[in-house]
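**Q** The letter at position 6 of the sequence shown is residue 6 when you use the working numbering, and the numbering goes up by one with no holes.
Just so you know, the hints here were simulated from the structure itself, not pulled from any lab data. Fair warning: this is a prediction, and the values are worked out from it, not measured in the lab. Among the hints, erroneous ones may be present.
Unchecked claim - Okay, derived cross-link-like pairs now, BS3-like style, lysine-lysine, Cα gap no bigger than 25 Å in a straight line:
id	residue 1	residue 2
1	K28	K47
2	K76	K31
3	K49	K28
4	K42	K76
5	K28	K38
6	K34	K76
7	K42	K28
8	K35	K49
9	K74	K31
10	K74	K47
11	K47	K76
12	K35	K74
What the hints assert, rightly or not - Estimated spans, in silico, between C-beta atoms of each pair:
id	residue 1	residue 2	range
13	E87	D13	30 to 36 Å
14	G21	K47	33 to 39 Å
15	A15	D85	15 to 21 Å
C-beta: ideal position from N, C-alpha, C; glycine also.
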Amino acid sequence: MVIVLFRHGEAEDRADLRDDGLRSLTAKGRKRTKKMAKIVNKLLPRKCKIQIWSSPLLRALQTAEILAEQVGVKVKIHNAISNGDFETLRANLTVCHEDDCILIVGHQPFLGEWTEQLTGMQLPFRKSTAAGVRFLTGTQVNSRTEAELLWYIQPRFSKG
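All chains should be built: construct the whole structure from the sequences, respecting the hints.
**A** Okay, structure coming up:
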């Protein structure tokens, strides 16, 4: 199974709103997210069932909707993404099929922590950054590494 961890795009300043969950993407955030969504779509395995799981926070949902437009699927909300509940997220992943491709739209520091837990690698997740990993299902792996990094891309280093 392929898992894509995608950090939400640039959002409104935290000081502008009382409720952090209502922060919306900025115009720059939308533009970069659209650019990254096109790139990520090209990197996805061609023969896979795509799902998009998103944090319920507005900036993540808006990012997920941009991805959904690009890949042609609907977004499913998972509260575990916004609160960093990796065990619940992992349990949800175990019921997926080996040929599934799950795009997880979330936040820092969780995406970086989960990438390290899965691959043993520390990667910076700036806004609109994405990492694709192959989740090693049904394979004997050490207690730390459950996935291998396939690709990692930040918007400032991308072309297209």
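**Q** For every hint, state whether the structure bears it out.
**A** Against the structure, the hints come out as follows:
A threshold of 25 Å between alpha carbons decides the hint, and for K28 with K47 the separation of about 32 Å lies outside it, so the pair is violated. Between K76 and K31 the CA atoms are separated by roughly 22 Å; this keeps the pair inside 25 Å, and the hint holds. A hinted pair counts as satisfied when its Cα atoms are at most 25 Å apart, and K49 with K28 does not qualify at roughly 30 Å. Between K42 and K76 the alpha-carbon distance is near 22 Å, which keeps this suggested pair within the 25 Å criterion.
Annotation: proposed proximity of K28 to K38 holds, straight-line Cα distance about 16 Å (limit 25 Å). Straight-line distance between C-alpha atoms of K34 and K76 comes to about 19 Å, which keeps the hinted pair within the 25 Å bound. Restraint check for K42 and K28: the C-alpha separation of about 22 Å stays at or below 25 Å, so the hint holds. Distance check on the hinted pair: K35 and K49 sit about 22 Å apart at the alpha-carbon level, within 25 Å; holds.
The hinted pair formed by K74 and K31 meets the criterion: a straight-line CA distance of about 20 Å does not exceed 25 Å. Under the criterion of a C-alpha separation no larger than 25 Å, the hint pairing K74 with K47 is consistent with the structure, at around 18 Å. For the hint linking K47 to K76, the alpha-carbon distance of about 21 Å falls within 25 Å, and the restraint holds. The straight-line distance between the Cα atoms of K35 and K74 is roughly 19 Å, inside the 25 Å bound, and the hint therefore holds.
About 32 Å separates the C-beta atoms of E87 and D13, a value consistent with the hinted range of 30 to 36 Å. Hint check: G21 to K47, Cβ distance near 36 Å, so the stated range 33 to 39 Å holds. Taking the beta carbon of each, A15 and D85 are about 27 Å apart, not inside 15 to 21 Å as hinted.
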